[in-house]
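Q: Spelled out from the first residue to the last, the chains are:
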Amino acid sequence: MFEGVAMINETKIKISDKMDPRVIAIVIIIAVIEFELFVYPKNIVMVADRDAWLSIVLGSIISNMGTWLLVKLAARFPQENLFQYQQRILGKYMAFFISLGYLLFWLVFLVMLLKDTVAANKLIFLPKTPFLVPLLFFAIGAFWLASYGLAAVIRFFQIMLPFLIIPLLPIYFLAFRIVEWDYFQPILSNGWVPVLKGAVLYAGAIQGLEIVLFLSPFLWDVKKALVPGLIGINTVNILALSHSVIAIGIIGADRIKQSLWPGIDTIQLISLPGFPVERFELFFTLPWITAVFTTICLITYLLSYGVLQVFHINWPRGIIMFMLLAAIFGTYLIPRYVVSLLMRDYFYIPTLTFIYLVPALTLLGAVFREKRGDS
Amino acid sequence: MKRSGIKIGVVMIIFCILFGLTGCWDVRDISKIAFVTAIGLDKSQISDGYYRVTFEIIAPEKLKSGKRPATIIEAVDGQSIGEAIEKLQTRMPRVINFDHFRVLIVGEEQCKEDFRDIISYFQKNIDIALRFRIGLVQNGRAEDILNYKPRFHRTIAGEYVALTELDNDNSLSYGGAFYKFMQDMQNNQGNGLACRVTKNGQGQMMVRHGSAVFKNWKVVGWLNNEEIQEANWIMDHNPTTVIASNKGQTTYTYHANRKAVHINPEVTKGKISFTLRINVMGDIIEQKGEHEDLSKLENVASLEKILTQDIEQQVKQALDKSQNYFGVDYLGLGHELYKKNPKIFRSLDWNAIYPQVPVKVIVQAKIDTFGAFK
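In the order they appear, the protein sequences are chains A and B. The numbering of the first sequence is my numbering, which starts it at 848 and goes up by one. The numbering of the second sequence is my numbering, which starts it at 73 and goes up by one.
Incorrect hints may appear among the rest.
[Said to hold, decoys possible] Cβ pair distances, simulated, as ranges:
no.: 1; chain 1: A; residue 1: Val1124; chain 2: B; residue 2: Gly138; range: 47 to 57 Å
no.: 2; chain 1: B; residue 1: Asn371; chain 2: A; residue 2: Arg1126; range: 23 to 33 Å
no.: 3; chain 1: A; residue 1: Phe1122; chain 2: B; residue 2: Thr312; range: 18 to 28 Å
no.: 4; chain 1: A; residue 1: Tyr940; chain 2: B; residue 2: Ile416; range: 55 to 65 Å
no.: 5; chain 1: B; residue 1: Ala373; chain 2: A; residue 2: Val1124; range: 44 to 54 Å
no.: 6; chain 1: B; residue 1: Val339; chain 2: A; residue 2: Met941; range: 23 to 33 Å
no.: 7; chain 1: B; residue 1: Ala234; chain 2: A; residue 2: Trp991; range: 46 to 56 Å
no.: 8; chain 1: B; residue 1: Arg188; chain 2: A; residue 2: Val1214; range: 49 to 59 Å
no.: 9; chain 1: B; residue 1: Ser152; chain 2: A; residue 2: Tyr1193; range: 26 to 36 Å
[As the list claims (entries may be wrong)] When the alpha-carbon atoms are kept at most 20 Å apart in a straight line, the in silico PhoX-like pairs for lysine-lysine are as follows:
no.: 10; chain 1: B; residue 1: Lys388; chain 2: B; residue 2: Lys360
no.: 11; chain 1: A; residue 1: Lys1104; chain 2: B; residue 2: Lys115
no.: 12; chain 1: B; residue 1: Lys221; chain 2: B; residue 2: Lys134
no.: 13; chain 1: A; residue 1: Lys1104; chain 2: A; residue 2: Lys865
no.: 14; chain 1: B; residue 1: Lys343; chain 2: B; residue 2: Lys415
no.: 15; chain 1: B; residue 1: Lys388; chain 2: B; residue 2: Lys412
no.: 16; chain 1: A; residue 1: Lys975; chain 2: B; residue 2: Lys221
no.: 17; chain 1: B; residue 1: Lys377; chain 2: B; residue 2: Lys388
no.: 18; chain 1: B; residue 1: Lys134; chain 2: A; residue 2: Lys1104
no.: 19; chain 1: B; residue 1: Lys221; chain 2: B; residue 2: Lys252
no.: 20; chain 1: B; residue 1: Lys415; chain 2: A; residue 2: Lys969
no.: 21; chain 1: B; residue 1: Lys343; chain 2: B; residue 2: Lys412
no.: 22; chain 1: A; residue 1: Lys919; chain 2: A; residue 2: Lys1218
no.: 23; chain 1: B; residue 1: Lys446; chain 2: A; residue 2: Lys975
[As the list claims (entries may be wrong)] Example chain B residues on the side facing chain A (calculated, C-beta under 7 Å, incomplete):
no.: 24; residue: Arg100
no.: 25; residue: Phe194
no.: 26; residue: Glu408
By construction, these hints were calculated from the structure, which means they are not laboratory data. Built from N, CA and C at the ideal position, the CB exists for glycine as well.
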């Protein structure tokens, strides 16, 4: 009933066109890393203070369990995506409403991403340029890429991965030299409760992981995706931990709480006397643009093809364009950036719901009702 | 054929947009930018609550011709720094930019105000990297310091940054980058030290030694170069220190180049005390008077004992200055207690009890070499 023609057609691809399951590692890295490069680890430090690193370590365990859960669910229905098989497990109407929930989740996330992009352009890169101009460039790129389907999006991710990771490595290396380990003491001064809250916040900051549930029809053997999936999520975890250790160890937890974008503040403090580059934010720009643009592309794809599937529409390009315009319009509905930041603070709740809770319940339902897809 | 024509058209439009629109609004022509390298802050004589903001701005023409200083100095009064910058812009034919901002100098009168108000602008301006250096002027105004002619560099900012980069080799001063100063201050509830700047005897050049003492984010006094050297034995700062000790008729100059400080807070029956253990390793770099044979271990041991006593005396003087003269924990003992026992620390009015807290000092000075040094 809810099978949209475009997405279904896309999932019925030839075996020869299917991708190696190892690609899932790249997809997770690219999909999860986005604007947090600037903001991180502010929200966790607000809760767990200087113990935020400990929250990330514990949150990483949750994210690993989440990845295992998503891969297991995807492997049970290797030829279908979540919107297809949840109808058989949860029933048509329940599945319809959950699908609507996912669509709303992606739409709000896309609006927040675009709003963050606007803020970054206004404050750092292009302060005088009307914000719609860079936003339209991002949208045109995302439209072009998403219109070619998920396989094209993933191929693009494979190309972009070095641009995201390589510039970050020297920055982290240089930053570690000036970390003051004293700033991490005392450990657990406020007890375990804030640390555990921080761990939940961290797990709730991993938007994009749900791609695993929509990727399975494109992989030639989903069962082999578990190890790459864990490699992908743990790469993200290591980067997040490094980022947090650097931020806390250089500018301190108090400054992180006051700062708008602690990531930028931290990188500004790196210096290498004698090196021709004085401001290392330059190295941060490329990973940021890469991270934000790729995530925008992915969410645009998920949102547009989700709408096509849920509402039985067979006009992919029109819907992609409509969704992007709706998201751009959505940025006008958030009048102030502080509102967007506040939304980010609470966005962990829908993230936990749609990335951990719903898939967990779906998997449980599939096991109890003995539902399984074609291999 | 028709479809490919449309595609080519779309590509052409995107190409035109990409190359036609980018840079329209955010062109940053270097010849139209005024780079501020240093700011001096003083109390304004216009009205209470106003700043006198002095700017050191790069003058590219002077830079090209090799003149020193290659800057112009402008001063503006304003109720806030932001307002002063706006006023400055009215007299500048270039856009003011803080990408190369490196030094903040604050005059003595302004130092007595809450420092959080002064630094707020610098923390919020995203163009300013928080590794800039600060200097607090004793007996003078920041405006005067910025008007000095730099002797080695093209700008006062360059000269001052170069001075601060020598920190690790000099125990007569204190202070690093702004973000470290802020972190220390936050760790110690607004108590701490910051770099002192003064004029030399003839008032011709700036000298960077000693330190400003902060209590609750306001400067309440100053440490001279001897007092900061004493304090530096305790602080996690400046591993190299040169002291002269007398043994009989001979004066030995000892260059301490390695130092380990262990501050151990103890809580016994609700009473707080500290044990301060300092291990120092260094070289004898100079002898004056009767030259003793330092190749004999007994001579070395007796000299080490004297050095230990002298350093211990300096440490006790530093503690006395902090506890009894200022009553301000700028040495960071409270932070050590907080690190070890945060619950107890939170239950205390630390600033009130700090002057009475007993501190046991244990120093051990060792001589590494005596015949040659670098």
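Q: Each hint needs a verdict: does it hold in this structure or not?
A: Right, here's what the structure says about each hint:
{"no.": "1", "hint": "Val1124(A) - Gly138(B): 47 to 57 Å", "verdict": "25 Å, violated"}
{"no.": "2", "hint": "Asn371(B) - Arg1126(A): 23 to 33 Å", "verdict": "54 Å, violated"}
{"no.": "3", "hint": "Phe1122(A) - Thr312(B): 18 to 28 Å", "verdict": "25 Å, holds"}
{"no.": "4", "hint": "Tyr940(A) - Ile416(B): 55 to 65 Å", "verdict": "59 Å, holds"}
{"no.": "5", "hint": "Ala373(B) - Val1124(A): 44 to 54 Å", "verdict": "52 Å, holds"}
{"no.": "6", "hint": "Val339(B) - Met941(A): 23 to 33 Å", "verdict": "59 Å, violated"}
{"no.": "7", "hint": "Ala234(B) - Trp991(A): 46 to 56 Å", "verdict": "51 Å, holds"}
{"no.": "8", "hint": "Arg188(B) - Val1214(A): 49 to 59 Å", "verdict": "58 Å, holds"}
{"no.": "9", "hint": "Ser152(B) - Tyr1193(A): 26 to 36 Å", "verdict": "34 Å, holds"}
{"no.": "10", "hint": "Lys388(B) - Lys360(B)", "verdict": "27 Å, violated"}
{"no.": "11", "hint": "Lys1104(A) - Lys115(B)", "verdict": "30 Å, violated"}
{"no.": "12", "hint": "Lys221(B) - Lys134(B)", "verdict": "14 Å, holds"}
{"no.": "13", "hint": "Lys1104(A) - Lys865(A)", "verdict": "46 Å, violated"}
{"no.": "14", "hint": "Lys343(B) - Lys415(B)", "verdict": "14 Å, holds"}
{"no.": "15", "hint": "Lys388(B) - Lys412(B)", "verdict": "23 Å, violated"}
{"no.": "16", "hint": "Lys975(A) - Lys221(B)", "verdict": "37 Å, violated"}
{"no.": "17", "hint": "Lys377(B) - Lys388(B)", "verdict": "16 Å, holds"}
{"no.": "18", "hint": "Lys134(B) - Lys1104(A)", "verdict": "42 Å, violated"}
{"no.": "19", "hint": "Lys221(B) - Lys252(B)", "verdict": "28 Å, violated"}
{"no.": "20", "hint": "Lys415(B) - Lys969(A)", "verdict": "44 Å, violated"}
{"no.": "21", "hint": "Lys343(B) - Lys412(B)", "verdict": "15 Å, holds"}
{"no.": "22", "hint": "Lys919(A) - Lys1218(A)", "verdict": "13 Å, holds"}
{"no.": "23", "hint": "Lys446(B) - Lys975(A)", "verdict": "55 Å, violated"}
{"no.": "24", "hint": "Arg100", "verdict": "10 Å, violated"}
{"no.": "25", "hint": "Phe194", "verdict": "12 Å, violated"}
{"no.": "26", "hint": "Glu408", "verdict": "9 Å, violated"}
Against the hints set out earlier in the document, violations occur for numbers 1, 2, 6, 10, 11, 13, 15, 16, 18, 19, 20, 23, 24, 25 and 26.
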